[in-house]
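2 protein chains.
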Amino acid sequence: MSILVVGSAALDTVETPFGSVEDALGGSAIYFSAAASYFAPVNLVAVVGDDFPREQIEFLKKKNVDFSGLEVANGKTFRWGGKYGFDLNERDTLFTHLNVFEKFEPKIPDSYKNSEYIFLANIGPDLQMDVLKQIQAPKLVALDTMNYWIGGNLPALRETLKRVDVLIINDSEVRQLANEANLVKASKIVQEMGPKTLIIKKGEHGALLITRNSFFWAPAYPLEIIYDPTGAGDTFAGGFMGYMARSDDISIDNLKRAVVFGSAMASFCVEKFSLERLKNLSDEEIRTRFKEFWQMTNFDPNV
Amino acid sequence: MSILVVGSAALDTVETPFGSVEDALGGSAIYFSAAASYFAPVNLVAVVGDDFPREQIEFLKKKNVDFSGLEVANGKTFRWGGKYGFDLNERDTLFTHLNVFEKFEPKIPDSYKNSEYIFLANIGPDLQMDVLKQIQAPKLVALDTMNYWIGGNLPALRETLKRVDVLIINDSEVRQLANEANLVKASKIVQEMGPKTLIIKKGEHGALLITRNSFFWAPAYPLEIIYDPTGAGDTFAGGFMGYMARSDDISIDNLKRAVVFGSAMASFCVEKFSLERLKNLSDEEIRTRFKEFWQMTNFDPNV
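Top line first, the protein sequences correspond to chains F and U.
Position 266 of the first sequence, counting from 1, maps to 287 under my numbering, and the rest follow consecutively.
Position 104 of the second sequence, counting from 1, maps to 125 under my numbering, and the rest follow consecutively.
Everything labelled a hint here was simulated from the structure, so no lab data went into it.
Treat the hints with care, as some may be off.
The list treats identical chains as one, so a pair stands whether inside a single copy or across any two.
Said to hold, decoys possible - Once the Cα atoms are required to be at most 27 Å apart in a straight line, the calculated DSS-like pairs of lysine-lysine come out as:
| no. | residue 1 | residue 2 |
| --- | --- | --- |
| 1 | Lys82 | Lys293 |
| 2 | Lys84 | Lys209 |
| 3 | Lys223 | Lys312 |
| 4 | Lys293 | Lys209 |
| 5 | Lys183 | Lys217 |
| 6 | Lys209 | Lys312 |
Could you build the full structure based on these sequences and the hints that come with them?
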């Protein structure tokens with residue numbers, strides 16, 4: 022099954038205690054595609070400027086990512102700059118130059134319209150809705166959003182959420198969206214808005230999968246050095262949706278495995294700057310890390 | 022196998038968004054005993070003043086807790102007052118009246134000296150060492166400490182840690198003790214100090230069991246209302262040590278189960294004020310919750 026992702030392509034300038042990069046490949050749709058393409062073909066929709074270094078996405082073209090939906094607009098590519106301290110859960114945004122991304126209007130190529138697994142990365146909720154209207158018969162729609170849209174365009178977000186199956190957001194965002202501090206209560210409130218499945222990303226504390234009648238916790242992989250957390254959330258989503266599309270099975274047991282694959286891919290992402298670590302993973306490396314997650318949580322309940 | 026616990030007995034005044042209690046039964050040794058006594062006999066060493074309402078510990082006497090080591094001193098019982106906001110991970114201490122606890126010198130009754138499972142609750146590291154010197158042949162020594170001792174009496178704590186098997190502390194404390202922000206690196210540094218096994222409590226984010234060559238994550242139980250987090254850490258330790266003593270098996274597989282029993286007991290603790298919820302649990306309730314933890318983390322790794 023093929024996946025459609027709509028999001029950003031960007032050039033990131035990032036500084037962490039372990040080094041820095043300037044104008045490195047980034048953006049939600051790019052990170053997502055890099056992870057998802059290990060599992061299934063990806064149809065990408067994004068916009069870049071005429072300054073975009075296209076040779077940098079060659080590795081993705083070789084890996085089942087279709088760039089028919091990459092619009093090249095007159096102007097400059099979206100640029101973001103950020104700085105992380107030793108507490109990698111917090112970051113300072115140094116600059117955000119939306120450039121051509123400011124006028125982004127996602128157009129879904131005809132060849133993409135029968136995509137069954139849809140990931141709406143963090144863009145305006147009205148644009149996310151426009152995308153859904155262009156899709157014929159999605160099997161699973163997942164959406165990411167952020168505090169900027171929850172605070173700034175809640176009515177549109179609420180409308181879009183009605184058509185979403187899986188909401189993938191972080192813990193502070195689910196609390197903000199529900200206006201409720203307790204995560205269990207907040208999840209129920211958000212489920213009432215539309216998405217029956219929530220995936221709550223908690224950074225170094227792992228991820229939660231919450232359905233109508235089950236809770237599942239996936240840990241974060243214990244790393245001694247996190248070089249660059251940028252893109253970890255979109256990489257998580259890519260691993261999750263990639264495995265869902267490959268297995269084409271939306272049972273709860275499979276959702277759990279998909280969350281663990283998402284966590285595994287995110288753990289690779291942060292081991293190097295930009296997309297460096299996601300370029301040349303082997304299937305064996307991914308499988309091994311997936312099994313390590315099992316070892317970290319498995320116990321024999323027979324006492 | 023019997024357990025020895027040395028710690029505090031206190032009267033707590035607690036305010037949370039869900040209510041308040043005044044001079045309610047509390048203290049590390051009391052919470053620990055209440056949880057551990059569901060699994061194995063407990064020998065308690067603590068001090069109270071002559072104002073201590075002894076009828077409040079009758080339920081523990083009926084549950085295998087030996088109070089031969091409870092010293093009744095002239096003066097008032099240790100009192101602590103605290104207030105929690107909606108973010109139950111943070112609390113304000115309103116007052117700390119050490120009273121008779123200030124001059125506490127743990128004396129281990131002869132009948133306790135062959136205890137095999139030892140829990141040194143959060144008291145001064147020099148007192149913790151004094152206790153260890155009075156014990157004949159401990160099989161497993163676990164210790165809790167806090168930022169106050171890490172900052173205030175590190176040399177004594179380092180000496181005591183050399184004789185400890187399992188250190189049970191929270192994530193900020195392990196970072197402070199190791200002077201290292203990364204939890205994986207910090208754990209290795211602390212293991213070099215003595216305890217080969219670390220249990221890192223992360224509140225609503227669960228608990229980590231770290232041995233020389235393994236990582237294990239236990240989740241926190243998802244609760245819609247946390248009435249009172251006071252004592253959750255000592256209750257966790259009680260469930261952990263209780264199960265270890267009952268099974269008398271220090272294999273890694275058993276340590277994992279013990280961490281889950283600790284998490285299960287802590288989840289009961291916070292459901293009511295003071296020790297109310299820990300008074301009348303059934304074995305069936307404990308077993309059921311233990312299995313729920315398994316369900317929350319278990320997945321089939323065969324893809």
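Outcome of the hint check:
In the homo-oligomer, the alpha carbons of Lys82 and Lys293 lie at most 27 Å apart inside one protomer (21 Å), although the nearest pairing across protomers, at 57 Å, exceeds that limit. Taking CA atoms no more than 27 Å apart as the test, Lys84 paired with Lys209 passes in neither setting, with 38 Å inside one copy and 39 Å between copies. In the homo-oligomer, the alpha carbons of Lys223 and Lys312 lie at most 27 Å apart both inside one protomer (21 Å) and across protomers (24 Å), since each shortest distance falls under that limit. In this assembly of identical chains, Lys293 and Lys209 lie within 27 Å of each other by CA distance solely across copies; the values are 22 Å between and 36 Å within a copy.
Taking CA atoms no more than 27 Å apart as the test, Lys183 paired with Lys217 passes inside one copy only; the shortest distance there is 10 Å, against 51 Å between copies. With identical chains, the CA atoms of Lys209 and Lys312 are at most 27 Å apart between copies only, with a shortest distance of 23 Å across copies and 31 Å within one.
The structure is inconsistent with hint 2 alone, although it conforms to all the rest.
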